[in-house]
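For reference, the chains in residue letters:
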Amino acid sequence: MESDAPKQFEGTSSYVATEDLVVAVNAAIALQRPLLVKGEPGTGKTVLAHEVARALDKTLIEWHVKSTTKAQHGLYEYDAVARLRDSQLGSDKVHDIRNYIMRGKLWDAFEHEQGAILLIDEIDKADIEFPNDLLQELDRMEFFVYETKETVRAKNRPAVIITSNNEKELPDAFLRRCFFHYIRFPDADTMQAIVDTHFPGLKKELLESALHAFYSLRGVPGLKKKPSTSELLDWIKLLVAEDIPAEALRTKDKKEFLPPLFGALLKNEQDVALVGGLARGHGGLYN
Amino acid sequence: MLIGFFQALRNARIPVTLREFLTLLEGLKKGLAGYDIERFYYLSRSCLVKDERFLDRFDLVFKKSFEGLESLELEVEDLPPEWLAKIAERHFTREEMEAIQARGGFEELLDELRKRLAEQDERHQGGSKWIGTLGTSPFGAYGFNPEGVRIGQDRSRHRRAIKVWDKREFRDFDDEVELGTRNIKVALRRLRKLVRDGRDEELDLPGTIHATANNAGYLDLKMHRTRTNRVKVLLFLDVGGSMDDHVRRVEELFSAARTEFEHLEQFYFHNCLYERVWRDNRARWEETVPTFDVMRTYGEDYRVIIVGDASMGPYEVTEPGGSVEHWNEESGATWMRRVLGRWPKAIWLNPVPRAWWHHTHSIRQVNSLMEGRMFPLTLEGLDAGLRELR
Numbered sequence: 001m002e003s004d005a006p007k008q009f010e011g012t013s014s015y016v017a018t019e020d021l022v023v024a025v026n027a028a029i030a031l032q033r034p035l036l037v038k039g040e041p042g043t044g045k046t047v048l049a050h051e052v053a054r055a056l057d058k059t060l061i062e063w064h065v066k067s068t069t070k071a072q073h074g075l076y077e078y079d080a081v082a083r084l085r086d087s088q089l090g091s092d093k094v095h096d097i098r099n100y101i102m103r104g105k106l107w108d109a110f111e112h113e114q115g116a117i118l119l120i121d122e123i124d125k126a127d128i129e130f131p132n133d134l135l136q137e138l139d140r141m142e143f144f145v146y147e148t149k150e151t152v153r154a155k156n157r158p159a160v161i162i163t164s165n166n167e168k169e170l171p172d173a174f175l176r177r178c179f180f181h182y183i184r185f186p187d188a189d190t191m192q193a194i195v196d197t198h199f200p201g202l203k204k205e206l207l208e209s210a211l212h213a214f215y216s217l218r219g220v221p222g223l224k225k226k227p228s229t230s231e232l233l234d235w236i237k238l239l240v241a242e243d244i245p246a247e248a249l250r251t252k253d254k255k256e257f258l259p260p261l262f263g264a265l266l267k268n269e270q271d272v273a274l275v276g277g278l279a280r281g282h283g284g285l286y287n
Numbered sequence: 288m289l290i291g292f293f294q295a296l297r298n299a300r301i302p303v304t305l306r307e308f309l310t311l312l313e314g315l316k317k318g319l320a321g322y323d324i325e326r327f328y329y330l331s332r333s334c335l336v337k338d339e340r341f342l343d344r345f346d347l348v349f350k351k352s353f354e355g356l357e358s359l360e361l362e363v364e365d366l367p368p369e370w371l372a373k374i375a376e377r378h379f380t381r382e383e384m385e386a387i388q389a390r391g392g393f394e395e396l397l398d399e400l401r402k403r404l405a406e407q408d409e410r411h412q413g414g415s416k417w418i419g420t421l422g423t424s425p426f427g428a429y430g431f432n433p434e435g436v437r438i439g440q441d442r443s444r445h446r447r448a449i450k451v452w453d454k455r456e457f458r459d460f461d462d463e464v465e466l467g468t469r470n471i472k473v474a475l476r477r478l479r480k481l482v483r484d485g486r487d488e489e490l491d492l493p494g495t496i497h498a499t500a501n502n503a504g505y506l507d508l509k510m511h512r513t514r515t516n517r518v519k520v521l522l523f524l525d526v527g528g529s530m531d532d533h534v535r536r537v538e539e540l541f542s543a544a545r546t547e548f549e550h551l552e553q554f555y556f557h558n559c560l561y562e563r564v565w566r567d568n569r570a571r572w573e574e575t576v577p578t579f580d581v582m583r584t585y586g587e588d589y590r591v592i593i594v595g596d597a598s599m600g601p602y603e604v605t606e607p608g609g610s611v612e613h614w615n616e617e618s619g620a621t622w623m624r625r626v627l628g629r630w631p632k633a634i635w636l637n638p639v640p641r642a643w644w645h646h647t648h649s650i651r652q653v654n655s656l657m658e659g660r661m662f663p664l665t666l667e668g669l670d671a672g673l674r675e676l677r
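These protein sequence lines map, in sequence, to chains X and P. So the first sequence is numbered by the working numbering: it starts at 1 and just counts up by one. So the second sequence is numbered by the working numbering: it starts at 288 and just counts up by one.
Since the hints were derived computationally from the structure, they do not count as laboratory data. Accuracy of the hints is not assured; some may be wrong.
A few chain P positions that, by computed beta-carbon distances, are all more than 10 Å from chain X [to be verified]:
1) Arg306
2) Ala500
3) Lys509
4) Tyr602
Per label pair, the in silico range of CB-to-CB distance [as the list claims (entries may be wrong)]:
5) Glu242(X) <-> Lys317(P): 47 to 53 Å
6) Tyr322(P) <-> Ala188(X): 27 to 33 Å
7) Ser14(X) <-> Asn501(P): 46 to 52 Å
8) Lys237(X) <-> Asp580(P): 50 to 56 Å
9) Arg297(P) <-> Asp108(X): 46 to 52 Å
10) Pro493(P) <-> Lys203(X): 15 to 21 Å
11) Gly494(P) <-> Ala188(X): 53 to 59 Å
12) Asp580(P) <-> Phe144(X): 56 to 62 Å
13) Glu10(X) <-> Gln294(P): 52 to 58 Å
14) His511(P) <-> His212(X): 32 to 38 Å
15) Glu489(P) <-> Lys267(X): 33 to 39 Å
16) Thr151(X) <-> Asn298(P): 40 to 46 Å
17) Val220(X) <-> Glu489(P): 31 to 37 Å
We put the CB at the ideal spot given by N, CA and C, even for glycine.
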């Protein structure tokens, strides 16, 4: 496809991007709108930003949001304490307020010469008003610094990738300005491709048995935390390290329903008990 | 064409706005979709849908709006003739069928059938309700609509074009579908509201420093209110009897609720609230708590959520001694009124689909006791219920 955009994201050697994801990423970059990525934990939301930056050869600026993060932190902070101290010590710096303005991640991204990739990670962790406070800044890519009375404007609009784990509803006004992509849990084929990119030399039968064990484990009803892609990758790493043969995963013996090294997949003792209990033939989950 | 699509999305209650529509047009103008319907589907989906709950509905509307686009060509030999015959029987009289056969044979019949099916769909479903008809057909997932006929096309060369949105992979996320634990969590989070409550009692350190610095170094103390989660919830769960079918979902609701509130107390009851409730279902006969004690212990700022199917004998609600398990001195209705008097903010969540409510006398009774505050146990119902509790 021909396009005026210089570079297109197509997935990388270490990241398998489905076509819908590729379209969403490229559309967001071309139209200079933030891309909001949601999905089950461990489906590669955060990694996406890293890979986009790598594929497009741009700097990645990461802003990890916490429950205490304010929108202002991303713009700039005025370090009043340092200025107070300097005034007591009679430092000359105290006369220029610009010495006490700490740039935030957004500012960094705006000032970046080549136009960076800005990752706002787990935006739902912050206060419910947080996304609203960033509306203008992300829309116009500029903000005003009150202390110095200057406007910071993006030289090259950064591509913004935002991830959310759905802990809070995001405001409608914010959503309207974003592109949205929901990363579905990969189907077996995609999963195979993902594992192949991470473990190129993996024996075919081991991979097949591992995937089979993995999907049947995900299929157990009532699991509190279903194992995700990143956990599958960790588990395969362990299997390879321990040199577990493929037959061990294919056991027909009901008593050993739990696959070897299951600790990498099941992170919660109720789940382990649940799967173990199923194997011993308790039948229903709620008896 | 696209405006029709936009309208259809809005009719399907997908919250799309003009702004998003313009973004889509902008993207199309830049050639982001190319000339590929699949890319167009992906592009429009990521422009217009901002919540995974609507993805399934979007797929359906997309399918309906762009039906003809992937140039419908049926490969006759692919289609099992008995299916066609069956569908045709349902929709044409014998005379009509003969007339069509006489006119153009099989192709004509297919065309006519397609038209007929599409028409009928419009007529008795009224456009936006189209979604609701799914799943009733013996011909696959899509009921009596042209897709039923098009099944045979799967093996043809247009396979790719149809597949993506036809797969309906996001069905689980639609809010008219039953609740899963994840959905419940999202919904319950709406109830969680952090507010600044109480008097100015906490030293606002950054505020103080800022004010002091602004004040050229003279100390200027700032205070702010403490932040607390004000939402306190009492959960009453119905167990046993007719609720056994629903126990699993109720358990999910319960496990999701556990992590959401600081103050969450849960009690069990059977069928209707009476003078005793219990905390541990395994010890339900040994360790019961008088309902009066519960009423005395938890203040009226608690929100009450009762989960039960309210399906029982009418006497269990109205009469003293009506309970199936024990002798109750006072009727269930009396206890319900007492509980509602104590905690004005209360809702009843019912796992029985709303469409069936008026068939069961006791559900109507309980709903009227709740003054209409009974909601189905779906994400939509939960949403509406939580709004009621605010």
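A quick look at each hint next to the structure:
Chain X draws Arg306(P) into its interface by the beta-carbon criterion, the shortest separation being 5 Å against a cut-off of 10 Å. Not every CB of chain X lies more than 10 Å from the CB of Ala500(P), the least distance being 3 Å, so the non-interface label is violated. The beta carbon of Lys509(P) is kept farther than 10 Å from every beta carbon of chain X, the shortest such distance being approximately 12 Å. Distance to chain X confirms Tyr602(P) as a non-interface residue, since its nearest Cβ pair spans about 29 Å, more than 10 Å.
One distance hint, 47 to 53 Å for the beta-carbon pair Glu242(X) and Lys317(P), holds here, with the actual separation near 51 Å. Evaluation of the 27 to 33 Å hint for Tyr322(P) and Ala188(X) yields a pass: the beta carbon distance comes to about 31 Å. For the pair Ser14(X) and Asn501(P), the beta carbons lie near 50 Å from each other, so the given range of 46 to 52 Å is met. Separated by about 54 Å at the C-beta atoms, Lys237(X) and Asp580(P) satisfy the suggested range of 50 to 56 Å.
Between Arg297(P) and Asp108(X) the Cβ separation comes to about 40 Å, which falls outside the hinted range of 46 to 52 Å. A beta carbon spacing of about 57 Å between Pro493(P) and Lys203(X) contradicts the range 15 to 21 Å that was offered as a hint. The supplied range of 53 to 59 Å is met by Gly494(P) and Ala188(X), whose beta-carbon atoms lie about 55 Å from each other. A hinted range of 56 to 62 Å holds for the C-beta pair Asp580(P) and Phe144(X), which are about 58 Å apart.
Checking the proposed 52 to 58 Å range against Glu10(X) and Gln294(P) shows it is violated: the Cβ atoms sit about 35 Å from each other. Evaluation of the 32 to 38 Å hint for His511(P) and His212(X) yields a failure: the beta carbon distance comes to about 56 Å. Taking the beta carbon of each, Glu489(P) and Lys267(X) are about 36 Å apart, inside 33 to 39 Å as hinted. A beta carbon spacing of about 43 Å between Thr151(X) and Asn298(P) agrees with the range 40 to 46 Å that was offered as a hint.
With their beta carbons about 46 Å apart, Val220(X) and Glu489(P) fall outside the hinted range of 31 to 37 Å.
Hints 1, 2, 9, 10, 13, 14, 17, counting from the list given before, are not met by this structure.
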